[in-house]
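Listed here are the chains, written in short residue letters.
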Amino acid sequence: MALISPIKLNIAKKLEEDKNFRRRFFRDRAQDELAMSIKELREKKQMRQVDLANESGMKQSAISRIEQADYSGWSFNTLFRVADALDARLRVIFEPMEDVIKSYKEKEIITPEFKQYTIIHLSSALGDKIGAEELSATTSDRFAHAVKVITADTKIEIQPIIQ
Amino acid sequence: MIKWTLWQFKNNVDSFLNNCSKEMQEVLMRRLDLLSEKGIDCKRPISAPLGDELFELRGQAGNKQARLIYYFGNNKRIIFINAFYKSKSQISRHHIETAKRNKKIIEEGKEQAHGFDLTH
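Line by line, the protein sequences give chains A and B. Using the working numbering, the letters of the first sequence correspond one by one to residues 1 to 163. Using the working numbering, the letters of the second sequence correspond one by one to residues 1001 to 1120.
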């Protein structure tokens, strides 16, 4: 087994196939980002939770809750009050899901570094099936050949994420 | 611009995710995705420093809390070196020591024999 290997989340496929998954994914993702950005900006401005509470006319416990990633009880009005108190702009963006899924597909395209990793470990797994002529070929040729041998031998479907 | 990429020591993240509840899997996938976008700008409550260049990615589902320990390698690699459920208020020393040991194995460059430079 290789010491380290890439983590492949395959989120694009799940987002595309499961509407409930993508609904949960982006709802919870918004909560994570909201909590992180409020806390980060408050600390950047060297404000304590109580300072932000005083500035926004809220209780310190309410600020603490908003900074928890699993909290979603805030209202639009609350967020504006926090943004005003932090002297920050609040932005809300609606993105069509097809654009979002497309961007995830692009993000999950195999990087040159991952290609290199795959060649090394596929080559190792394939043993002498990668011949001497491939060893002198370019990285990309060797990768293509390794994929060809793997698919021919094992009928594994290689998903079309390879550039 | 080079993107952050996520790596794991001996498939530890894959193994951990495979044994998690579906709910926890989704939490961790979402946060791994967020970490891969934000990199070093991923902060609390999603991620927190542990000292000695180690960080924890946090996940909670129901009353269970998962922790994935990672560090930043070269070429914008984020390398996960331990994954576990947290049972006490603080991460046990044992989990930190395991993470450090795994980091050391990687940094010793055993992968270099395969042409892959993983030194920090």
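I should point out that these hints are in silico values taken from the structure, not numbers from a laboratory. Note that the Cβ used here is the ideal one computed from N, Cα and C, for glycine as well. Be a bit skeptical, because a hint or two may be false.
[Said to hold, decoys possible] A few chain A residues that face chain B, going by a derived Cβ cut-off under 10 angstroms, partial list only:
#, residue
1, Lys8
2, Leu9
3, Glu16
4, Lys19
5, Arg24
6, Asp32
7, Ser56
8, Gly57
9, Gly73
10, Trp74
11, Phe76
12, Leu79
13, Phe80
14, Ala83
15, Leu86
[Stated by the list, open to error] Here are a few chain B residues that sit away from chain A, every Cβ distance over 10 angstroms (derived from the structure):
#, residue
16, Trp1007
17, Gln1008
18, Phe1009
19, Asn1011
20, Val1013
21, Ser1021
22, Asp1033
23, Arg1044
24, Phe1084
25, His1095
26, Ile1096
27, Ile1106
Numbers of unmet hints, in rising order: 3, 4, 7, 8, 9, 10, 11, 12, 13, 14, 15, 16, 17, 18, 19, 20, 22, 23 and 27
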